[in-house]
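K.L.:
Chain by chain, the residues run as shown.
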Amino acid sequence: MNKGVPLLEAKGIVKQYPGVLALDKVDFDVFSGEVHCLAGENGAGKSTLIEIIGGSYKKDEGTIRINGTEVEFASPKEAQESGIAVLHQELPVLPYLSVAENIFLARQPRNKAGFVNYSEMYRQARKWLDIIQADINPRSLLGSLPMSKQQLVSIAKALSLDAKIIIFDEPSAVLTSVELKRLFEIIGSVKKEGKGIVYISHRLEEIFEIGDRVTVLRNGRLVGTRPIEEINRDTLIKMLVGREISEEVPTERKEIEDKAVLAVKGLCRKGIFEDISFTVNRGEILGVYGLVGAGRTEVIRVIVGADPLDEGEIYIENRRVRIKSPKDAIKYGICLAPEDRKQHGLILGKSVQENIVLPSLHRFKRSLFLDYGRMRSYTRKFVSSLRIVTPTLSQKVRFLSGGNQQKVVLAKWLGMEMKVFIFDEPTRGIDIGAKEEIRSLIRKLAEEGRAIIVISSEIPEIMSLSNRIVIMHNGRITGCLLREEATKEKLIAYSMGANHI
Amino acid sequence: MRITKEKPVELLSKYGLYFVLLLLIVVSAILSPLFFSYSNIANLLTYNSFTGLLSLGMTFVILTGGIDLSVGSMVGFSSILYATMLHGAIFTFMPDNIFIYTGSPQLTPLFPQGINIVVVFLICSVFGFISGSISYKFRIHSFIVTLCFMIFIRGLAVSYTHGQPLFGMPEYINFIAYGTFLSIPMPAIIWLTASVFSIFLLRYTRFGRGIYAVGGDEEAARLSGIKSAIYRIMPFIFSAFFASLVGIMMSGRMACGDPKIAQGWELDAIAAVVIGGTSLFGGRGTIGGTVVGVLIIGLIINIMNLLEIDAYPQQMVKGVIIIAALALHNLLSGRRYS
Ligand SMILES: Nc1ncnc2c1ncn2[C@@H]1O[C@H](COP(=O)(O)OP(=O)(O)OP(=O)(O)O)[C@@H](O)[C@H]1O
Ligand SMILES: [Mg+2]
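As they're listed, the protein sequences go chains A and B. In this text, residue positions in the first sequence follow this note's numbering: the first is 1, and each later residue adds one. In this text, residue positions in the second sequence follow this note's numbering: the first is 1001, and each later residue adds one.
Please note that the accuracy of each hint is not assured.
Unchecked claim - Now the in silico label distances, taken between C-beta atoms and shown as ranges:
no.: 1; chain 1: A; residue 1: Gly19; chain 2: B; residue 2: Gln1315; range: 49 to 57 Å
no.: 2; chain 1: A; residue 1: Met416; chain 2: B; residue 2: Leu1267; range: 40 to 48 Å
no.: 3; chain 1: B; residue 1: Leu1328; chain 2: A; residue 2: Asn318; range: 36 to 44 Å
Claimed, not checked - Below are the BS3-like pairs computed for lysine-lysine, each with C-alpha atoms no more than 27 Å apart in a straight line:
no.: 4; chain 1: A; residue 1: Lys127; chain 2: A; residue 2: Lys181
no.: 5; chain 1: A; residue 1: Lys365; chain 2: A; residue 2: Lys444
no.: 6; chain 1: A; residue 1: Lys327; chain 2: A; residue 2: Lys350
no.: 7; chain 1: A; residue 1: Lys396; chain 2: B; residue 2: Lys1137
no.: 8; chain 1: A; residue 1: Lys365; chain 2: A; residue 2: Lys419
no.: 9; chain 1: B; residue 1: Lys1227; chain 2: A; residue 2: Lys112
no.: 10; chain 1: A; residue 1: Lys58; chain 2: B; residue 2: Lys1137
no.: 11; chain 1: A; residue 1: Lys164; chain 2: B; residue 2: Lys1227
no.: 12; chain 1: A; residue 1: Lys77; chain 2: B; residue 2: Lys1227
no.: 13; chain 1: A; residue 1: Lys265; chain 2: A; residue 2: Lys324
no.: 14; chain 1: A; residue 1: Lys181; chain 2: A; residue 2: Lys192
no.: 15; chain 1: B; residue 1: Lys1137; chain 2: B; residue 2: Lys1260
no.: 16; chain 1: A; residue 1: Lys331; chain 2: A; residue 2: Lys265
no.: 17; chain 1: A; residue 1: Lys192; chain 2: A; residue 2: Lys157
no.: 18; chain 1: A; residue 1: Lys58; chain 2: A; residue 2: Lys25
no.: 19; chain 1: B; residue 1: Lys1227; chain 2: A; residue 2: Lys157
no.: 20; chain 1: A; residue 1: Lys238; chain 2: A; residue 2: Lys396
no.: 21; chain 1: A; residue 1: Lys191; chain 2: A; residue 2: Lys181
no.: 22; chain 1: A; residue 1: Lys112; chain 2: A; residue 2: Lys58
no.: 23; chain 1: A; residue 1: Lys350; chain 2: B; residue 2: Lys1260
no.: 24; chain 1: A; residue 1: Lys327; chain 2: A; residue 2: Lys444
no.: 25; chain 1: A; residue 1: Lys191; chain 2: A; residue 2: Lys127
no.: 26; chain 1: A; residue 1: Lys396; chain 2: A; residue 2: Lys419
no.: 27; chain 1: B; residue 1: Lys1318; chain 2: A; residue 2: Lys77
no.: 28; chain 1: A; residue 1: Lys350; chain 2: A; residue 2: Lys365
no.: 29; chain 1: B; residue 1: Lys1227; chain 2: A; residue 2: Lys58
no.: 30; chain 1: A; residue 1: Lys350; chain 2: A; residue 2: Lys331
Keep in mind that the hints were calculated from the coordinates and are not lab data. Beta carbons are placed, not taken as given, at the ideal position from N, Cα and C, and that holds for glycine.
Sequences are here, hints too, so could you generate the full structure?
P.N.:
What follows is the structure, encoded as structure tokens:
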């Protein structure tokens, strides 16, 4: 199918970071009218490769050709001018500027006199947002939008650049199924226009759904490039991890004790959600499913005291508590691994070890001092079980790949001694090998008798983890199912607002 | 959904500043019938236009996440530089024993009249360019760089004439300093014109929008195709330019060049900018806020003058009020997305 000169051809790309050979002679090309997926475990070098193509990092060796002519990008701007649009993994957004301005940054529409024409800018932003069917006001501040909406804005921006090559670095990590479906339709239509698309994802089903070819990287090296017809799920997994992994085999667990640890009654926050009641028992994993905007994260934020509560009651072990701040929540034994981990969960300038041990420091006290040896072995345990790719334990977290940063945050929370654990999208952005590991760590916490709430937009994940599933739609609970009763169809129906099926 | 919910709070934090200004005006009017007199208003505007101009430049700098401590020294430097040029040189070391051309009308300007001013602007702007570039290139926070410049430039200014003022100013400077247009004092006109110009620049040009972007998140701006150098350096040039403008206006008002004036004015400017709602972390703030900030500080001092409070207690009150204003502002706006 791929004939002629590729739109983009990268050959022998080498990139060395201090202590990490991120890319080792990698070849990659994109033809007009194809979706070329890029896959690999966390830290394999995917983002590095596309950042080099997009002009934000400099390569050490290798050549990049666009339509057959060699190019050397000194800045993202030059790459943009050559027709490359990149949707970055770490959404680079300006929260205090409007949505429209984020879309048209540095290329705002201007009137004849050369001044920024705001009404035109809002109009054009509206147009691009409509194309992706995003219900977002172009005038609102970007920072006031939830993550998924911010991602939609970035997608609108990538499309508006009118590039020949559009690169998506894990766009699905913060989108839910409806939005993702829409994204795939859009990708389908720009593909027909003859554009080339690069798509990075850890979700294999996505790769098989939209990919034409797939390139797999492992430890900075090219494992291979294959047309999608020539591979299946198993061969792809083998290429990805180079070893066998067992996937999604939820072991039957012992009966759950009927002892409520956390119970909420009639929680309400005006205009956002109302009448939310549920209970989580000792040793139970409660899944919370819903589309983005259903209010799941908002409910959790109230429970951990990050937002004020308008009405309703919260009980911990049958005792009514008032949680006014995250500190109160921790006092009562509730902790949250938030959805937006980059902002809330990590100290980027500190090392992997410092981040992981931070919430459990008291455990490493030895009289007046801290036991560094035990801290190191504790950290090492997580680094190896979650397969965190880092040259040393003292590497600053800032320099880890996106997925590895996620793993560090999770390791941090997984080691805490709490009664209630809340995980908001725990495996987002994490490669398949480590995903299963994280799930089994969550199951282990439950077996130890903790109460667990997992918010997830991935149906298979929520089905494999939860004992019970609560489904939310538009700020209300529309359904509650035991795992045995839950099916994909029922979850979707409830999440779209159906009350009884 | 979240947006509607935050509206009242946002409104309050957005317009709270104007409300405070209004309140202060009402209080002043009640305290003294003289408040609304022409001379009081004219004085108020004139005295505040100097801090006002400095805080315009400062707003640009702070919007990009920097700070400029050198503006006070720059005012003194431009004042003495201008005076020396009027006397026929760019640089004169005065021998110790000769005391000044006191009141000498014998001006032998180095260049034809208006050009001297332009040269002062240029030289000061170059200093701004240098401090901005050093901070940008070597990644030293501008707090440190401009602190050094503050000391260096004041030293330079004072060395010119061994700290002595240099008297004698041409007629037309008088007009800038004391004249009126439609009975509005000239300094106020200059300040307000420059403010309007700055508002326009920040809101309606890509350059202005780029300042917000770079100040908000330099990396995000870079990935969107913005080269940050110009946005990080230009504000220092603006700031130095406005400082030299103030220096020349001040020379007119005092009828002399004085290297020792405007000590500590940078702090007044920073206070006004911050009261006006501009974030010290950059990326957020408006010129309108800064103008109101200047007026708020000015009014508070005016009220204290009307109440005949002494200068030193005035300073205490000023310090307390600045903190109170900021605390209130943060309480109202919350720190939702910061
Ligand atoms: N600025 C940096 N300094 C040092 N090392 C870095 C830097 N950026 C990335 N790395 C390292 O380079 C390797 C490749 O990172 P990259 O971000 O390309 O991975 P990735 O394939 O995108 O992973 P993920 O799926 O987690 O996003 C990682 O081991 C990472 O630690
Ligand atoms: Mg990545």
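K.L.:
Now tell me if each hint is right for this structure.
P.N.:
Going down the list of hints, with the structure as the test:
Between A/Gly19 and B/Gln1315, the C-beta spacing of about 54 Å keeps the proposed range 49 to 57 Å intact. Checking the proposed 40 to 48 Å range against A/Met416 and B/Leu1267 shows it holds: the Cβ atoms sit about 45 Å from each other. Distance hint for B/Leu1328 and A/Asn318: a CB-CB separation of about 42 Å, consistent with the stated range 36 to 44 Å. For the suggested pair A/Lys127 and A/Lys181, the alpha carbons sit about 19 Å apart, so the restraint of at most 27 Å is met.
Between A/Lys365 and A/Lys444 the CA atoms are separated by roughly 25 Å; this keeps the pair inside 27 Å, and the hint holds. A hinted pair counts as satisfied when its Cα atoms are at most 27 Å apart, and A/Lys327 with A/Lys350 qualifies at roughly 22 Å. Pair hint A/Lys396 plus B/Lys1137 holds up; C-alpha atoms about 24 Å apart against a cutoff of 27 Å. Between A/Lys365 and A/Lys419 the alpha-carbon distance is near 22 Å, which keeps this suggested pair within the 27 Å criterion.
Between B/Lys1227 and A/Lys112 the CA atoms are separated by roughly 24 Å; this keeps the pair inside 27 Å, and the hint holds. Straight-line distance between C-alpha atoms of A/Lys58 and B/Lys1137 comes to about 19 Å, which keeps the hinted pair within the 27 Å bound. This hinted pair checks out: A/Lys164 and B/Lys1227 have alpha carbons roughly 23 Å apart, not beyond 27 Å. Pair hint A/Lys77 plus B/Lys1227 holds up; C-alpha atoms about 8 Å apart against a cutoff of 27 Å.
The hinted pair formed by A/Lys265 and A/Lys324 meets the criterion: a straight-line CA distance of about 17 Å does not exceed 27 Å. Of the supplied pair hints, the one linking A/Lys181 and A/Lys192 holds, its CA atoms being roughly 17 Å apart against a limit of 27 Å. About 31 Å separates the Cα atoms of B/Lys1137 and B/Lys1260, which puts this hinted pair outside 27 Å; it is violated. Using a Cα cut-off of 27 Å, the hinted pair A/Lys331 and A/Lys265 holds, with the two alpha carbons roughly 20 Å apart.
Proposed proximity of A/Lys192 and A/Lys157 is supported: the alpha carbons are some 19 Å apart, at most 27 Å. Proposed proximity of A/Lys58 and A/Lys25 is supported: the alpha carbons are some 14 Å apart, at most 27 Å. The suggested pairing of B/Lys1227 with A/Lys157 holds, with an alpha-carbon distance near 19 Å, which does not exceed 27 Å. As the CA atoms of A/Lys238 and A/Lys396 are separated by approximately 31 Å, the hinted pair breaks the 27 Å bound.
In summary, the hint linking A/Lys191 to A/Lys181 is supported, as the alpha carbons are separated by about 15 Å, within the 27 Å threshold. Between the alpha carbons of A/Lys112 and A/Lys58 the distance comes to roughly 37 Å, so the proposed pair goes past 27 Å and is violated. As the CA atoms of A/Lys350 and B/Lys1260 are separated by approximately 46 Å, the hinted pair breaks the 27 Å bound. Note on A/Lys327 and A/Lys444: the hinted pairing holds, with a Cα-Cα distance of about 26 Å set against a maximum of 27 Å.
Taking the CA atoms of A/Lys191 and A/Lys127, the gap is near 20 Å; set against the 27 Å cutoff, the hint holds. For the given pair, A/Lys396 sits about 30 Å from A/Lys419 by alpha-carbon distance, which is inconsistent with the 27 Å threshold. For the hint linking B/Lys1318 to A/Lys77, the alpha-carbon distance of about 47 Å lies beyond 27 Å, and the restraint is violated. Between A/Lys350 and A/Lys365 the alpha-carbon distance is near 20 Å, which keeps this suggested pair within the 27 Å criterion.
Note on B/Lys1227 and A/Lys58: the hinted pairing holds, with a Cα-Cα distance of about 16 Å set against a maximum of 27 Å. A distance of roughly 25 Å separates the Cα atoms of A/Lys350 and A/Lys331; the hinted pair therefore holds under the 27 Å criterion.
The structure shown violates the earlier hints numbered 15, 20, 22, 23, 26, 27.
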